[in-house]
Amino acid sequence: MASALFFLDLKGKTLLARNYRGDIPMSAVEKFPILLLEAEEESSAVPPCFSHEGINYLYIRHNNLYVLALTKRNSNATEILLFLHRIVEVFTEYFKELEEESIRDNFVIIYELLDEMMDFGYPQTTETKILQEYITQESHKLEIQARPPIAVTNAVSWRSEGIRYRKNEVFLDVIESLNLLVNSNGNVLRSEILGAIKMKCYLSGMPELRLGLNDKVMFESTGRTTRGKAIEMEDVKFHQCVRLSRFENDRTISFIPPDGEFELMSYRLNTQVKPLIWVECMIESHSGSRIEYMLKAKAQFKRRSTANNVEIIVPVPDDADSPRFRTNIGSVHYAPEKSAIIWKIKQFGGGKEFLMRAELGLPSVKEAEPERKKRPISVKFEIPYFTTSGIQVRYLKIIEPKLQYPSLPWVRYISCASDYHVRLPEPTQT
Amino acid sequence: MAANRIRSMFPVAPRKGETFELRTGLNSQFAHERKDAIRNTIAAMTLGKDVSALFPDIIKNMATSDLDQKKLVYLYLMNYAKTHPDLCILAVNTFVQDSEDPNPLIRALAIRTMGCIRVDKIVDYMEEPLRKTLKDESPYVRKTAAICVAKLFDLNQSLCLENGFLTTLQELIGDSNPMVVANSVTALAEIMEAAPETEALLVTPATLKKLLMALNECTEWGRITILTTLAEYKAQDVKEAEHICERVVPQFQHVNPSVVLAAVKVIFLHMKVISPELCRQYIRKMAPPLVTLVSSQPEVQYVALRNINLLLQKQPDILTKEMRVFFCKYNDPPYVKLEKLEIMIRIANEKNVDQLLMELKEYALEVDMDFVRRAVKAIGQTAIKIDAAAERCVNVLLELINTKVNYVVQEAIVVIKDIFRKYPGYEGIIPTLCKSLDELDEPNARGSLIWIIGEYAEKINNADELLETFMEGFKDEYTQVQLQLLTAAVKLFLKKPQSQALVQKVLQCATAECDNPDIRDRAYVYWRLLSKDPEVAKAIILSDKPPITSTIQSLPMGLLDQLLGEISTLASVYHKPPETFVGQGRFGADAVQKRAIEELQRDARENPIQASAAAKEGQNVENLLDIDFDGAVPASAEASGAGGLESLVSDTPVRAASPMSPTTGPGNNMDDLMGLFGSSSPPTGNSGNGLNGFEGLNLGGSPPPPPQQQKKSTNEDILGLF
Numbered sequence: 001m002a003s004a005l006f007f008l009d010l011k012g013k014t015l016l017a018r019n020y021r022g023d024i025p026m027s028a029v030e031k032f033p034i035l036l037l038e039a040e041e042e043s044s045a046v047p048p049c050f051s052h053e054g055i056n057y058l059y060i061r062h063n064n065l066y067v068l069a070l071t072k073r074n075s076n077a078t079e080i081l082l083f084l085h086r087i088v089e090v091f092t093e094y095f096k097e098l099e100e101e102s103i104r105d106n107f108v109i110i111y112e113l114l115d116e117m118m119d120f121g122y123p124q125t126t127e128t129k130i131l132q133e134y135i136t137q138e139s140h141k142l143e144i145q146a147r148p149p150i151a152v153t154n155a156v157s158w159r160s161e162g163i164r165y166r167k168n169e170v171f172l173d174v175i176e177s178l179n180l181l182v183n184s185n186g187n188v189l190r191s192e193i194l195g196a197i198k199m200k201c202y203l204s205g206m207p208e209l210r211l212g213l214n215d216k217v218m219f220e221s222t223g224r225t226t227r228g229k230a231i232e233m234e235d236v237k238f239h240q241c242v243r244l245s246r247f248e249n250d251r252t253i254s255f256i257p258p259d260g261e262f263e264l265m266s267y268r269l270n271t272q273v274k275p276l277i278w279v280e281c282m283i284e285s286h287s288g289s290r291i292e293y294m295l296k297a298k299a300q301f302k303r304r305s306t307a308n309n310v311e312i313i314v315p316v317p318d319d320a321d322s323p324r325f326r327t328n329i330g331s332v333h334y335a336p337e338k339s340a341i342i343w344k345i346k347q348f349g350g351g352k353e354f355l356m357r358a359e360l361g362l363p364s365v366k367e368a369e370p371e372r373k374k375r376p377i378s379v380k381f382e383i384p385y386f387t388t389s390g391i392q393v394r395y396l397k398i399i400e401p402k403l404q405y406p407s408l409p410w411v412r413y414i415s416c417a418s419d420y421h422v423r424l425p426e427p428t429q430t
Numbered sequence: 001m002a003a004n005r006i007r008s009m010f011p012v013a014p015r016k017g018e019t020f021e022l023r024t025g026l027n028s029q030f031a032h033e034r035k036d037a038i039r040n041t042i043a044a045m046t047l048g049k050d051v052s053a054l055f056p057d058i059i060k061n062m063a064t065s066d067l068d069q070k071k072l073v074y075l076y077l078m079n080y081a082k083t084h085p086d087l088c089i090l091a092v093n094t095f096v097q098d099s100e101d102p103n104p105l106i107r108a109l110a111i112r113t114m115g116c117i118r119v120d121k122i123v124d125y126m127e128e129p130l131r132k133t134l135k136d137e138s139p140y141v142r143k144t145a146a147i148c149v150a151k152l153f154d155l156n157q158s159l160c161l162e163n164g165f166l167t168t169l170q171e172l173i174g175d176s177n178p179m180v181v182a183n184s185v186t187a188l189a190e191i192m193e194a195a196p197e198t199e200a201l202l203v204t205p206a207t208l209k210k211l212l213m214a215l216n217e218c219t220e221w222g223r224i225t226i227l228t229t230l231a232e233y234k235a236q237d238v239k240e241a242e243h244i245c246e247r248v249v250p251q252f253q254h255v256n257p258s259v260v261l262a263a264v265k266v267i268f269l270h271m272k273v274i275s276p277e278l279c280r281q282y283i284r285k286m287a288p289p290l291v292t293l294v295s296s297q298p299e300v301q302y303v304a305l306r307n308i309n310l311l312l313q314k315q316p317d318i319l320t321k322e323m324r325v326f327f328c329k330y331n332d333p334p335y336v337k338l339e340k341l342e343i344m345i346r347i348a349n350e351k352n353v354d355q356l357l358m359e360l361k362e363y364a365l366e367v368d369m370d371f372v373r374r375a376v377k378a379i380g381q382t383a384i385k386i387d388a389a390a391e392r393c394v395n396v397l398l399e400l401i402n403t404k405v406n407y408v409v410q411e412a413i414v415v416i417k418d419i420f421r422k423y424p425g426y427e428g429i430i431p432t433l434c435k436s437l438d439e440l441d442e443p444n445a446r447g448s449l450i451w452i453i454g455e456y457a458e459k460i461n462n463a464d465e466l467l468e469t470f471m472e473g474f475k476d477e478y479t480q481v482q483l484q485l486l487t488a489a490v491k492l493f494l495k496k497p498q499s500q501a502l503v504q505k506v507l508q509c510a511t512a513e514c515d516n517p518d519i520r521d522r523a524y525v526y527w528r529l530l531s532k533d534p535e536v537a538k539a540i541i542l543s544d545k546p547p548i549t550s551t552i553q554s555l556p557m558g559l560l561d562q563l564l565g566e567i568s569t570l571a572s573v574y575h576k577p578p579e580t581f582v583g584q585g586r587f588g589a590d591a592v593q594k595r596a597i598e599e600l601q602r603d604a605r606e607n608p609i610q611a612s613a614a615a616k617e618g619q620n621v622e623n624l625l626d627i628d629f630d631g632a633v634p635a636s637a638e639a640s641g642a643g644g645l646e647s648l649v650s651d652t653p654v655r656a657a658s659p660m661s662p663t664t665g666p667g668n669n670m671d672d673l674m675g676l677f678g679s680s681s682p683p684t685g686n687s688g689n690g691l692n693g694f695e696g697l698n699l700g701g702s703p704p705p706p707p708q709q710q711k712k713s714t715n716e717d718i719l720g721l722f
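In order, the protein sequences belong to chains A and C.
Counting from 1, one number per residue, gives the positions in the first sequence under UniProt numbering.
Counting from 1, one number per residue, gives the positions in the second sequence under UniProt numbering.
Be aware that a few hints might be false.
Stated by the list, open to error - Result set (PhoX-like, lysine-lysine): computed pairs, CA atoms no more than 20 Å apart in a straight line:
| hint | chain 1 | residue 1 | chain 2 | residue 2 |
| --- | --- | --- | --- | --- |
| 1 | C | K404 | C | K459 |
| 2 | C | K285 | C | K314 |
| 3 | A | K216 | C | K285 |
| 4 | C | K329 | A | K338 |
| 5 | C | K594 | A | K31 |
| 6 | C | K496 | C | K538 |
| 7 | C | K496 | A | K11 |
| 8 | A | K344 | A | K298 |
| 9 | C | K210 | C | K239 |
| 10 | A | K200 | A | K167 |
| 11 | C | K594 | C | K82 |
| 12 | A | K380 | C | K329 |
| 13 | C | K351 | C | K361 |
| 14 | A | K13 | C | K49 |
| 15 | A | K346 | A | K380 |
| 16 | A | K374 | C | K404 |
| 17 | C | K377 | C | K417 |
| 18 | C | K422 | C | K545 |
| 19 | C | K234 | C | K272 |
| 20 | C | K361 | A | K374 |
| 21 | C | K329 | A | K374 |
| 22 | C | K422 | C | K435 |
| 23 | A | K397 | A | K167 |
In short, the hints are calculated from the structure, not lab data.
Just need the whole structure built from these sequences, with the hints factored in.
Here's what the structure looks like:
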């Protein structure tokens with residue numbers, strides 16, 4: 001429960017505020033930048049919620065804004081912080097970008113949305129698609145007044161009735177992002193697959209969908225013999241359209257989808273995975289004159305797959321200059337604004353191995369304090385038609401009881417790197 | 001920023017010309033000009049300008065079929081109703097009318113706004129619309145009305161109870177629409193919290209069934225409400241608790257982390273009663289969703305981590321296999337990193353300690369000082385927690401001391417002192433520690449090193465020399481260092497009597513030159529002890545100390561249990577019971593509310609221009625009422641009503657003026673006021689504008705019926721007023 005919401009610029013000036021309960025002096029917001037500053041002076045770790053004189057401040061930062069909620073009670077902190085994030089999401093979908101300017105330009109609709117999304121401090125409707133049906137940027141004509149879509153309060157609060165498509169199609173994207181942290185001596189410290197199944201749904205009526213995956217737990221519970229590999233998902237999270245109790249009972253994923261694009265589910269696997277792209281790095285530092293990097297990148301996946309748009313970002317000292325590079329593939333450039341060199345390889349075939357050498361000049365005069373910033377090498381890539389976990393969509397059944405149309409599901413797989421880091425070794429001094 | 005602060009303390013009225021412009025616009029005969037003017041007024045309000053002077057002009061634009069315009073006018077009303085409580089009565093008609101509009105959006109809007117106008121006058125008229133909307137055919141209206149009952153209760157408890165709204169609300173728990181159910185539960189929970197004696201939300205077996213039904217169907221926010229209620233419910237028997245758990249556990253798969261935490265809370269609290277076997281099963285099921293919370297948005301992660309910390313204190317074994325998940329990413333915000341560290345040391349065991357130590361060493365070489373210190377401290381905590389790992393920890397600490405980074409060395413020494421307090425046999429590293437003696441400038445680190453020297457004086461050849469170096473600046477040291485120095489010197493003397501000179505010097509200095517009574521007293525105690533019988537002194541001062549068992553901070557059991565009942569709330573984040581920060585006295589809930597009200601009143605009072613506006617508005621109101629209702633009465637064709645209205649007209653201006661009367665005294669206020677009058681157009685012209693605007697409006701929309709047309713009781717109310 002939040003008493004009031006504020007949008008502030010980074011100096012703490014209020015851009016827009018909505019007082020939901022009138023039980024908190026609105027001037028309390030003036031303390032916010034001061035409190036934040038005080039907390040920052042005390043420690044580098046300023047938490048996203050704190051209490052002062054009986055008022056609790058919960059905030060998030062987005063672009064050049066603070067979105068702040070105040071409450072005087074022992075409210076549900078997770079709920080409020082998530083709601084703030086949801087506001088940012090909804091507003092971003094409405095205005096493309098949420099920042100100072102868009103708040104100033106769209107204040108009328110923002111008030112309308114704030115009114116619809118929260119009542120008396122309690123979150124209400126936060127589905128952008130549904131909100132867009134009755135809160136629009138176009139002013140309403142006198143004759144046709146907007147009405148609340150039935151979906152707002154329905155059990156199926158994410159889909160309106162009466163949707164029609166000439167061609168009924170569903171696109172499924174199975175996207176696996178790989179989080180990996182590798183030590184400088186090659187040990188995988190942490191590896192995690194975060195998978196998501198995203199859907200683009202262009203179906204008429206109120207279709208019932210059922211999705212079949214090669215889920216090990218389901219195979220085991222139904223006593224079915226597995227052909228091929230089954231995967232064990234550690235934790236699964238579903239879009240609110242999925243019937244959670246059915247999944248709990250027999251692992252069936254059944255749902256009435258929202259219209260258009262949405263994320264159906266996400267899952268997590270903690271299995272130890274071999275780094276798909278393995279980067280080895282050696283640093284030689286000739287103190288006071290130059291620093292040399294030797295990189296070896298190897299694609300450790302099957303030959304028939306290819307990684308696209310590979311980027312290997314190697315952090316270098318802030319004061320490095322006059323870069324020289326040599327590589328047998330792709331291009332390398334120096335990005336001084338990020339203090340990094342970026343090695344780009346358009347296509348990286350499975351099993352291949354490439355080398356890169358970089359040499360950068362260093363100023364002869366050094367600060368007394370040695371640089372100890374520990375930024376890791378980060379790697380970006382995407383591999384189409386390939387999932388690290390081996391997840392497979394076995395079927396997607398689509399039944400619309402009234403319309404009974406034929407429909408086509410399309411499935412794509414892709415793996416990519418999201419938090420993929422290799423820690424830098426200590427430079428050898430010469 | 002300072003300017004900003006001053007500005008909002010005394011809200012600046014817009015330029016005089018601007019107010020005039022807006023007013024002209026609001027009274028324009030063209031609908032689009034009026035609409036633009038409303039928009040501009042709201043824009044000025046958003047910028048923090050005080051546009052309350054336009055209240056009467058805005059209120060004229062309330063009766064419109066343009067939904068956007070209506071929303072803006074309502075928004076204005078919510079913001080400024082407090083500054084013109086008497087004028088709010090003019091809005092009642094439209095509200096009542098709107099609450100019967102064929103469009104559910106407007107019905108809901110009307111009832112929602114009425115509840116937000118926290119003015120007694122409005123509250124008196126809320127009864128009928130609220131009763132109707134609670135029984136509305138549209139669930140959208142019902143769910144809005146349900147919340148409105150909580151609003152009404154907050155404003156006027158007795159009115160809410162007398163009209164039986166609480167009972168209606170309780171009936172709504174059985175509504176066919178899940179969102180209505182969720183909002184009713186929300187409203188009832190709120191009322192229950194404010195006034196437990198109402199027993200607003202008593203969960204019975206029947207309501208329990210309804211709640212569990214609605215749980216699977218309502219929105220994510222509704223689920224949180226229902227789950228929170230379920231968590232607070234005390235199951236009657238084991239079977240019921242098991243049933244609740246069974247129905248709640250699918251929510252672990254919900255995408256919203258807040259729902260997941262709320263479900264964890266339910267299971268965790270009901271787990272106390274269910275069979276141990278099921279209990280183990282649920283604990284196993286709880287781990288994966290808890291781990292997934294760590295990949296949500298950083299702020300949410302922080303709350304989740306603070307809660308996981310609590311859960312681990314109660315059930316240390318939930319996440320033992322998940323150490324890697326809590327490894328810090330280099331781009332985690334600092335507040336997340338520190339919390340992850342706390343959790344890592346809690347789940348450390350003999351199997352994962354090697355991994356952990358490698359990680360901690362890595363962190364200790366980072367740049368953020370707070371984080372580095374915490375990492376070093378964590379190494380020490382691990383050493384004390386896991387006996388088998390102590391040696392490895394000490395080695396890592398020694399490596400860190402060799403980096404010679406000042407704050408790393410200092411923290412490491414503090415930590416090593418604790419290790420000495422538990423494990424014997426590390427005396428060999430003392431010379432390494434003493435090498436960094438000159439670099440220690442923090443009292444904690446200096447004190448720790450001195451303690452070590454004193455404790456192992458017999459094994460350190462040059463202990464007296466080392467202590468001697470500290471003695472030079474004895475008077476400038478922090479108390480804590482002085483005390484350690486004193487004790488260490490005495491220990492040294494007892495172990496090596498040849499260092500008598502040193503101990504005498506310390507005692508002399510502490511008794512004769514120190515102002516601090518603690519140090520003086522301790523010095524005297526030692527002195528007498530030593531002069532009486534060195535053997536007794538030895539027995540006391542060099543006695544065996546019990547080894548410490550843990551340096552990981554844990555909450556006391558009682559507090560922990562209380563906080564586990566508050567999972568996901570601010571209390572669980574602060575690790576403090578709610579009563580400590582919800583605050584009593586000056587910062588208590590009531591006081592905060594009072595301040596909120598005072599602020600509004602001050603806004604109305606302190607601002608001279610505002611006050612002048614109030615004065616002006618007196619006239620304006622007169623005009624407005626004359627015009628409007630004279631025009632409206634013939635339409636209603638009710639002669640007796642006119643009398644009532646007239647008395648209303650003559651009465652209102654007087655009271656509208658009352659809030660400004662104390663402030664009009666000072667001369668410059670008056671000047672201001674005059675200035676305002678001088679610069680704006682003469683009142684007569686203005687009223688002419690008002691006339692035009694209103695006539696146009698009345699012709700466009702249907703004329704608002706006078707209040708007599710509603711119900712007899714309301715009518716009597718109005719008449720009773722005069």
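Those earlier numbered hints the structure runs against, lowest number first: 1, 7 and 22
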